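Student: Based on the sequences and whatever the hints tell you, model everything.
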Amino acid sequence: MIFVENVSKSFVLHNQGAAEIPVMQGASLRVAAGECVSLVGASGAGKSTLMRMIYGNYLTASGRIMVGDLDVASAPPREIIRLRRETLGYVSQFLRVVPRVSTLDVVAEPLLSTGTARDDAMAQAEALLRRLNIPKRLWALSPTTFSGGEQQRVNIARGFAFPYPALLLDEPTASLDPTNRATVLAMIEEAKARGAALIGIFHDHAARDAVCDRQLDVTQFTPGLAA
Amino acid sequence: MTPLLQVENLAKFYGHRIGCTDVSFDLFPGEVMGIVGESGSGKSTLLNCLAGHLTPDRGAVRFDTRAEGLKDTITMSEPERRMLGRTDWAFVHQHARDGLRMNVSAGGNVGERLMAVNARHYGNIRAEAIDWLGRVEITQDRIDERPTAFSGGMQQRLQIARNLVTGPRLVFMDEPTGGLDVSVQARLLDLLRSLVREMNLSAIIVTHDLAVVRLLADRLMVMKDGHVIETGLTDQVLDDPQQAYTQLLVSSVLQV
Ligand SMILES: Nc1ncnc2c1ncn2[C@@H]1O[C@H](COP(=O)(O)OP(=O)(O)OP(=O)(O)O)[C@@H](O)[C@H]1O
Ligand SMILES: Nc1ncnc2c1ncn2[C@@H]1O[C@H](COP(=O)(O)OP(=O)(O)OP(=O)(O)O)[C@@H](O)[C@H]1O
Ligand SMILES: [Mg+2]
Ligand SMILES: [Mg+2]
Chain A
1 MIFVENVSKS FVLHNQGAAE IPVMQGASLR VAAGECVSLV GASGAGKSTL MRMIYGNYLT
61 ASGRIMVGDL DVASAPPREI IRLRRETLGY VSQFLRVVPR VSTLDVVAEP LLSTGTARDD
121 AMAQAEALLR RLNIPKRLWA LSPTTFSGGE QQRVNIARGF AFPYPALLLD EPTASLDPTN
181 RATVLAMIEE AKARGAALIG IFHDHAARDA VCDRQLDVTQ FTPGLAA
Chain B
1 MTPLLQVENL AKFYGHRIGC TDVSFDLFPG EVMGIVGESG SGKSTLLNCL AGHLTPDRGA
61 VRFDTRAEGL KDTITMSEPE RRMLGRTDWA FVHQHARDGL RMNVSAGGNV GERLMAVNAR
121 HYGNIRAEAI DWLGRVEITQ DRIDERPTAF SGGMQQRLQI ARNLVTGPRL VFMDEPTGGL
181 DVSVQARLLD LLRSLVREMN LSAIIVTHDL AVVRLLADRL MVMKDGHVIE TGLTDQVLDD
241 PQQAYTQLLV SSVLQV
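These protein sequence lines map, in sequence, to chains A and B.
Per my numbering, residue 1 is the first one in the first sequence, and the count goes up by one each step.
Per my numbering, residue 1 is the first one in the second sequence, and the count goes up by one each step.
Watch out, some of these pointers could steer you wrong.
[Said to hold, decoys possible] Chain A regions said to be covered by chain B (calculated; three or more residues, Cβ under 8 Å):
1. 13 to 23
2. 56 to 63
3. 77 to 83
[Claimed, not checked] Which residues of chain A face chain B? A partial, calculated answer using Cβ under 10 Å:
4. K9
5. R96
6. V98
7. P99
8. R100
9. V101
10. D105
11. E109
12. L112
13. S113
14. L141
15. S142
16. R208
For the record, the hints were derived by calculation from the structure and aren't laboratory data.
Predicted model only: the values in this text are computed from it and were never measured.
Every residue, glycine too, gets a C-beta built ideally from N, C-alpha and C.
Tutor: Spelled out as structure tokens, the structure:
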């Protein structure tokens with residue numbers, strides 16, 4: 001489902017001396033449907049960078065990133081937008097939302113934008129929020145004022161609302177209590193069971209070992225660090 | 001898929017000064033594109049050329065017309081272009097007073113656009129005006145007031161209602177949230193986003209505010225000195241900017 005082949009990336013900080021800083025070289029990765037692969041490696045090794053490249057959030061300098069049959073590394077914005085709507089989900093570390101939009105709407109949005117009827121989308125969003133223990137009194141409020149852990153759970157609810165065939169998770173269990181953490185791990189298992197391909201970054205080793213089938217150490221792709 | 005708008009090699013000069021030049025892009029149905037750049041970079045010039053308010057010196061602006069498909073709006077007849085301006089296009093000005101009739105009631109402002117497209121029956125027009133005012137959260141009891149009695153945010157919402165009542169397919173917006181305080185901006189953004197989705201609108205939004213484009217635009221175009229210097233997915237341009245100027249622009253705001 002996800003096939004990354006020989007990709008590289010560097011940053012040029014024009015306003016800080018314009019030096020070219022290579023951060024990734026020869027990165028390759030393959031994730032099949034129903035599989036969860038975790039990205040590991042020291043801080044700064046490039047885990048989030050690789051994930052952002054797969055999502056099209058960072059540009060890729062060379063190589064291919066196939067998600068389904070689209071090469072994200074070379075696709076025009078319009079096709080990446082469609083891929084994100086229909087195929088590729090991403091639970092980022094931080095929730096970013098339009099102010100004033102209710103939590104329920106934030107969670108239902110991925111369903112509404114793929115054509116689910118409003119009542120149905122709302123019912124599914126409610127079920128997810130309930131499952132993740134977001135108190136009902138918060139559903140009508142914007143999540144912008146929620147606690148870190150609450151925002152994280154809203155972000156997860158939103159990310160799991162639509163059954164994406166491919167899903168990227170950046171620290172999905174950070175800042176969660178044991179009960180909610182167990183719920184999120186169960187949701188990951190369910191996504192695998194329905195055939196989703198997942199890539200995750202987990203600093204929580206126990207969580208990683210519980211749901212991931214394999215690990216990929218990105219340090220081997222970090223220029224200047226490769227063994 | 002046919003683009004809704006196809007811009008090719010567009011240029012506009014003011015004497016020797018560049019307004020904007022070498023602008024090319026396609027906009028597809030349902031897409032929202034943001035245009036950012038410093039003051040004087042040519043954003044309003046470009047938007048006005050696209051909307052038929054200014055005549056470019058070079059290039060083509062093809063719009064997917066209902067009757068004839070893609071057609072260059074620069075070379076079409078004036079009446080035809082005006083008709084587009086009243087039906088398929090909408091233009092939301094930065095200052096609501098430039099887009100409203102200040103001496104006509106709120107209901108009249110909305111109804112007038114409907115009459116311009118040959119809606120005739122008074123009852124229908126009034127009902128539709130009330131419906132639209134409701135959608136932009138202006139209550140029915142204020143329908144007979146003039147916009148001068150409204151706050152800035154209300155005026156802006158009225159301008160949006162006036163523009164969208166005829167069911168346009170393409171909306172041009174020049175700093176639609178400029179000059180409004182932050183909570184009013186948030187309300188307006190929320191409104192714009194839901195309208196864009198419900199009506200499957202395409203929109204081109206000029207703004208200084210990177211937080212606004214982050215939330216509203218799918219794609220982003222960065223302008224400097226009349227040139228387009230960078231384009232891409234909005235979050236990609238903001239999180240992984242390639243050009244020196246874009247990096248400066250992104251790093252000079254606190255957090256978007
Ligand atoms: N937008 C950016 N601009 C410049 N450099 C960046 C950018 N994003 C990441 N980097 C650099 O790329 C390298 C990899 O960073 P990345 O965030 O991918 O690491 P990571 O493995 O996720 O680390 P952590 O475990 O700390 O989250 C770092 O040197 C980082 O400074
Ligand atoms: N009517 C005019 N006559 C002469 N020069 C003009 C005219 N309108 C704009 N210009 C010039 O064209 C350039 C682009 O102006 P424009 O208004 O398009 O910029 P902008 O990006 O919209 O700026 P702002 O963010 O301040 O609104 C500027 O150098 C401006 O001085
Ligand atoms: Mg990281
Ligand atoms: Mg301007």
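Student: Now look at each hint and say whether the structure bears it out.
Tutor: Now the hints, each set against the structure:
no., hint, in the structure
1, 13 to 23, "holds (count 4)"
2, 56 to 63, "holds (count 4)"
3, 77 to 83, "holds (count 4)"
4, K9, "holds, 9 Å"
5, R96, "holds, 7 Å"
6, V98, "holds, 5 Å"
7, P99, "holds, 4 Å"
8, R100, "holds, 5 Å"
9, V101, "holds, 6 Å"
10, D105, "holds, 9 Å"
11, E109, "holds, 9 Å"
12, L112, "holds, 7 Å"
13, S113, "holds, 7 Å"
14, L141, "violated, 14 Å"
15, S142, "holds, 9 Å"
16, R208, "violated, 26 Å"
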